[in-house]
Amino acid sequence: MTNYQGKAWKVGNDVDTDLIIAAKYLNDASDENMREHCLENVIEDFANVISPGDILVAGKNFGCGSSREHAPIAIKAAGISVVVAKSFARIFYRNAINIGLPIVTAPDAVDEIDHGDELKIDVDTGELVNVTKGKTYKTEVFPEFIKEIIAKGNLLNYVKGQVK
Amino acid sequence: MGMTMTEKILAAHAGLESVKPGDLISAKTDIVLSNDITGPVAIREFRKLETEKVFDKDKVVMVPDHFAPNKDIQSAQQCKELREFAMEQNLTHYFEVGRMGVEHCLLPEQGIVGPGQLIIGADSHTCTYGALGAFSTGVGSTDVAAAMATGETWFRVPESIKVIVKNKPKDPWVSGKDVILYLIGKIGVDGARYQALEFTGEGLQYISMDGRQTIANMAIEAGAKNGIFPVDNLTKEYIKDRFKGEYTVYESDPDAVYSMEVEIDLAELTPQVAFPHLPSNTKSIYDIKEDIVIDQSVIGSCTNGRFEDMEIAANILKGKKVAPHVRLIVIPGTQEVYKECVKKGIVDIVIDAGGVFSTPTCGPCLGGYMGILAKGERAISTTNRNFVGRMGHVESEVYLSNPAIAAASAITGKISSPEEVK
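If you read the protein sequences in the order shown, they are chains U and H.
Under this note's numbering, the letters of the first sequence match residues 3 to 166, in that order.
Under this note's numbering, the letters of the second sequence match residues 2 to 423, in that order.
Heads up, some of the hints might be wrong.
[What the hints assert, rightly or not] Distance condition first, Cα-Cα at most 35 angstroms in a straight line; then the derived DSBU-like pairs of lysine-lysine:
id	chain 1	residue 1	chain 2	residue 2
1	U	K149	H	K54
2	U	K149	H	K376
3	U	K9	H	K376
4	U	K26	H	K49
5	U	K149	U	K12
6	U	K149	H	K29
7	H	K54	U	K12
[Stated by the list, open to error] Looking from chain H toward chain U, a few residues come up when the C-beta cut is under 10 angstroms (computed):
id	residue
8	G224
9	T271
10	G346
11	L367
None of these hints come from the bench; they were simulated from the model.
The structure presented is a predicted model; accordingly, all values stated were derived computationally and were not measured.
Glycine residues also receive a C-beta, built at the ideal position from the N, C-alpha and C atoms.
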């Protein structure tokens, strides 16, 4: 699946992995624990106020800091379908692709998205539609190699065929 | 077209004559590292693959250091999972409590990493080993799981930024930490995003191997994929009795292409402090006019837990007392550093000053344990991140500095230059 639709939740620039999921919760990597504390100091009670399928919209350098894969896992477990940002920190970018959390780099679209806007995104073609504002954007398309990982669902499925 | 060190190491590990920025490659890994936070997640993913053994038991390294010695029952479970996997796989380099250290202090010290290698680790500060002339970068647990099985991983070849370090420091308190804090302040927390930070220039001769590890360690704080240093006499001297086996020295070609050049003049550089809540919020210590009262001073971590750091702090603390309202927590990076501190009387100096001298652990750096901040509390710390809530309560504050400033501040009770306690 490469098409997503949901309501936008906006966060700022340089949202780091400690804000996404604080280290004090990393002694229990269960989806439930990750979900419960995801972004809790950014948007109050985040996991419970969003609806499954909603879209997280961030500024620049989203996910900077730690290599903890718990960060994209927490966002996915909270029910977010896709993350749109002006730019992503490098390890978060890898981790999101590797665990199968769709991400979209869209520097132009982010500024014009307001909290609560209805968005439609096709990760495969890179088309992002702000339904509320009636505007369409072309976003960065992934290289073929990364599309293959996305098509397989995650890195593990992609690697499975290669293990001796 | 010439290649940078980073490009040469990546090409060699991908079995290619040459690579250029933007290329997607599959490369062989020399070391695959994880810890008690990221390891269990990697192990669970590894179990999903149709393989029983890791690709090479000498090249998969596991270190329980973040919440170890076990901070609570859940952490104990995670450490147990790491230990059982290490035993089952008969890993050569698994470091139990009592032998372990903060992973990025431990691996160079134990000679597990060396020049020309390609290293990945499920810890963002894996970029530390670039100080030895290796390509080394942080990845996630799933990347580690895949590499533990296949011995390979994928990369996009990064552009390189050339950081030219020139002249000799004039300020006696300037160290590697100040070079990297200054650089992050200059280019920002995403100034080197997806890129390699290559350090070069005649000024490097004045930066010790411990200082270089501090610099490479915080390359990630500028968003970099890796930090890397040329291999010189200091490097060779450092690895002489540590690194076993052959190694390859790669040098950047004179016509290698860089996306940007930045100059750092050591003669002009002053000790730096990064204010909350980003490592790029830097100021010279001499430009801080207000009193910033602290509750805690932390000296240690993968950034500044090496012997030189301990020694610098001890020289300032010697014969002095920690301010009554301050907790000083000193954490050596490894058991070897710890023993050296015992031998040189550094443990006595810290305890006599009224400070704590701890066993190695990442502990308070990431708000794990061993020095968590309460609401409204403030710490000066030699660690690497001052994000919101990093060391404890969401309304606590962390200021980052070198060990000299952290030690001086513990004495005065406010953020201070070492000049104030001389």
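Hints, verified against the model:
1. Of the supplied pair hints, the one linking K149 of chain U and K54 of chain H holds, its CA atoms being roughly 29 angstroms apart against a limit of 35 angstroms.
2. Restraint check: the Cα-Cα separation between K149 of chain U and K376 of chain H comes to about 45 angstroms, which exceeds 35 angstroms; the hinted pair is violated.
3. Between K9 of chain U and K376 of chain H, the direct Cα distance comes to roughly 34 angstroms. Compliance with the 35 angstroms bound is thereby established for this hinted pair.
4. Only pairs whose Cα atoms come within 35 angstroms are accepted, and K26 of chain U paired with K49 of chain H is accepted, the gap being roughly 27 angstroms.
5. A hinted pair counts as satisfied when its Cα atoms are at most 35 angstroms apart, and K149 of chain U with K12 of chain U qualifies at roughly 26 angstroms.
6. The hinted pair formed by K149 of chain U and K29 of chain H meets the criterion: a straight-line CA distance of about 22 angstroms does not exceed 35 angstroms.
7. With a C-alpha separation of about 44 angstroms, the suggested pair K54 of chain H and K12 of chain U falls outside the 35 angstroms cut-off, and the hint is violated.
8. About 6 angstroms separates the beta-carbon of G224 of chain H from the nearest beta-carbon of chain U, less than 10 angstroms, and the hint is met.
9. Given hint, T271 of chain H at the interface with chain U, is violated; its Cβ is 26 angstroms from that chain's nearest Cβ, farther than 10 angstroms.
10. Checking G346 of chain H against chain U by beta carbon gives a least distance of about 34 angstroms; that is not within 10 angstroms, so the hint is violated.
11. The interface hint given for L367 of chain H holds, since its Cβ lies 4 angstroms from the closest Cβ of chain U, which is under the 10 angstroms cut-off.
Of the numbered hints stated above, those contradicted by the structure are hints 2, 7, 9 and 10, listed in ascending order.
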